[in-house]
Amino acid sequence: MKKIIKLLFAAAVIQGGIVYADTKNRVVGIDEFIKTAVSKDTSFEEILIDEMTLQYKKDLGLPARDIVLSVKSQYEFFLDHDESGPAATIGLSKLFPFSGTDVSAQYKTVPSATPGADSSAVTLLISQPVAKNAFGKATRLQDKIIGAEIDVIRHQVAEAYEDYLARIITAYFNWYLAYENLKIGESSYRQNLELLDNIRKRRKNNIALPIDVNKINIQVLVKKENLLKLREKYDAALTFIKQALRHDENESLVPADPMAYDDRKISFEEDYRDFTQNSRTYSILTLLEDKSSLQVARDANALLPSTNLLLGYETAGNGTGINNAEDEVFAGISLTWPFPDQTNSAALELSKINEKKTRLSGANKYIQLRTDLKTLILQIETGRELIAIADEKIKLAKSILKDETENYSYGKVSLNDFIEASNRVDENRFSKILRSVELKSLMTEWFRLTDRLISEKDIKSYKKK
1 MKKIIKLLFA
11 AAVIQGGIVY
21 ADTKNRVVGI
31 DEFIKTAVSK
41 DTSFEEILID
51 EMTLQYKKDL
61 GLPARDIVLS
71 VKSQYEFFLD
81 HDESGPAATI
91 GLSKLFPFSG
101 TDVSAQYKTV
111 PSATPGADSS
121 AVTLLISQPV
131 AKNAFGKATR
141 LQDKIIGAEI
151 DVIRHQVAEA
161 YEDYLARIIT
171 AYFNWYLAYE
181 NLKIGESSYR
191 QNLELLDNIR
201 KRRKNNIALP
211 IDVNKINIQV
221 LVKKENLLKL
231 REKYDAALTF
241 IKQALRHDEN
251 ESLVPADPMA
261 YDDRKISFEE
271 DYRDFTQNSR
281 TYSILTLLED
291 KSSLQVARDA
301 NALLPSTNLL
311 LGYETAGNGT
321 GINNAEDEVF
331 AGISLTWPFP
341 DQTNSAALEL
351 SKINEKKTRL
361 SGANKYIQLR
371 TDLKTLILQI
381 ETGRELIAIA
391 DEKIKLAKSI
401 LKDETENYSY
411 GKVSLNDFIE
421 ASNRVDENRF
431 SKILRSVELK
441 SLMTEWFRLT
451 DRLISEKDIK
461 SYKKK
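Going by the working numbering, the first residue of the sequence shown is number 1, and it counts up by one from there.
None of these hints come from the bench; they were simulated from the model.
Misleading hints may appear alongside valid ones.
Calculated cross-link-like contacts (lysine-lysine; reagent style BS3-like; alpha-carbon spacing at most 27 Å) [stated by the list, open to error]:
hint	residue 1	residue 2
1	183	204
2	183	215
3	183	242
4	402	412
5	215	291
6	432	393
7	357	291
8	132	352
9	215	402
10	132	58
11	35	457
12	201	215
13	393	233
Cβ pair distances, simulated, as ranges [claimed, not checked]:
hint	residue 1	residue 2	range
14	70	46	41 to 49 Å
15	364	70	48 to 56 Å
16	211	41	25 to 33 Å
Even glycine gets a Cβ: it sits at the ideal position worked out from N, Cα and C.
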């Protein structure tokens, strides 16, 4: 009788079961998985493409600093005087955007209807805005706006990479969950096959009834059906893992327990304080508010009249060689002021509205972030408690199964009670691994939301690989 009890209990509590147990298995830890996926998955490179465009944004968004050469040449005919001659203009100009200063030089030849009266001149001119874009103010504002945009995009690239990293980490967790579930399913299926073999032997010895054999047969079929579903889920998870790793070899890959992702300590107050002071998310919100204020200042500057102080020098004379030259220096002012300037006025009012909207949106975002993090920390704490409960339930379920195994062998309980006790162990084991992976996912989400899943330094190191 004791031998029968041992056989029943051993069959009921087998905890092993290595998936695809052979010498070709290769364990892939989560750190190796992340590094390999990053180096081979083109999704990472696609994310970083956006950062490559940032070096050109200022060149596109600010006035050009080029030296501009302009050449114009034509041949003129004076029909009433039967005279003709070449006319040409050659100019060089250079804008200094951050001071607003425009410097130009021009050489010009002018033919005349009077023989020998052709003339030419060289002009140097300096133009300096003193109202709109005074001394380059609008350009400097635009430079700061573009700088804020660049910083926001750079942070957003890091955020996008962090989201990508969270996705592949979650994929690894799903693979690990499917692997552990498959191990449990295989173990459960094998133990029920052994139970079936045992119950058939008991039937031959007239210890068990035919209905008992049928009940275990049904149980085996249920376990086999469940095993097929678990294997399908595992194969699907493994397919994604191999795609991320660009792995096409025949060796079997198996995951390792990513324990580090549920052992890290969290302090809400400390983490939240660091989040508000150093996170990319808060930096983005601050940059967006700064950008909206700069846009208001830029659009207000655009309402000023276009006023330029002019300082120039000209030498003019006869012929193309500027013979008998006369020199002059001149100074002046130019003014262009549209009334009522409805386009720029509307742009300013719109900027003010957008500034207010940005600040309100930021304030709401701050509140929502704190709420989301507070909710997440509660879920993490609950998850840890649920894992502790699951451990206790497994311990109790195994103890009950041991007692029910002995009771069934002595005929004190029905086979249904024994089957129920056996299934309860499996259910609690499935529940435990699910709770464990859920906690790992919650921890990953915590570090993603607080911008600590990846750092700028990490991204740079991955880019070099």
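Here's how the hints hold up against the structure:
Annotation: proposed proximity of residue 183 to residue 204 is violated, straight-line Cα distance about 32 Å (limit 27 Å). Distance hint between residue 183 and residue 215 is fulfilled; the C-alpha atoms sit about 24 Å from each other, no more than 27 Å. Only pairs whose Cα atoms come within 27 Å are accepted, and residue 183 paired with residue 242 is accepted, the gap being roughly 20 Å. Distance restraint check for residue 402 and residue 412: the Cα-Cα separation of roughly 13 Å lies within the 27 Å cut-off, and the hinted pair is therefore satisfied.
Pair hint residue 215 plus residue 291 does not hold up; C-alpha atoms about 72 Å apart against a cutoff of 27 Å. With a C-alpha separation of about 9 Å, the suggested pairing of residue 432 with residue 393 holds against the 27 Å cut-off. Restraint check for residue 357 and residue 291: the C-alpha separation of about 12 Å stays at or below 27 Å, so the hint holds. Taking the CA atoms of residue 132 and residue 352, the gap is near 19 Å; set against the 27 Å cutoff, the hint holds.
Simply put, residue 215 and residue 402 have alpha-carbon atoms about 20 Å apart, close enough for the 27 Å limit, and the pair holds. Between residue 132 and residue 58 the CA atoms are separated by roughly 21 Å; this keeps the pair inside 27 Å, and the hint holds. A distance of roughly 15 Å separates the Cα atoms of residue 35 and residue 457; the hinted pair therefore holds under the 27 Å criterion. Using a Cα cut-off of 27 Å, the hinted pair residue 201 and residue 215 holds, with the two alpha carbons roughly 15 Å apart.
Between residue 393 and residue 233, the direct Cα distance comes to roughly 26 Å. Compliance with the 27 Å bound is thereby established for this hinted pair. For residue 70 and residue 46, the Cβ-Cβ distance of about 43 Å falls inside the hinted range of 41 to 49 Å, so the restraint holds. Between residue 364 and residue 70 the C-beta distance comes to about 53 Å, which sits within the given range of 48 to 56 Å. Taking 25 to 33 Å as the suggested C-beta distance range, the pair residue 211 and residue 41 does not conform, at roughly 55 Å.
In summary, the structure is inconsistent with hints 1, 5 and 16 from the numbered list given earlier, while agreeing with the others.
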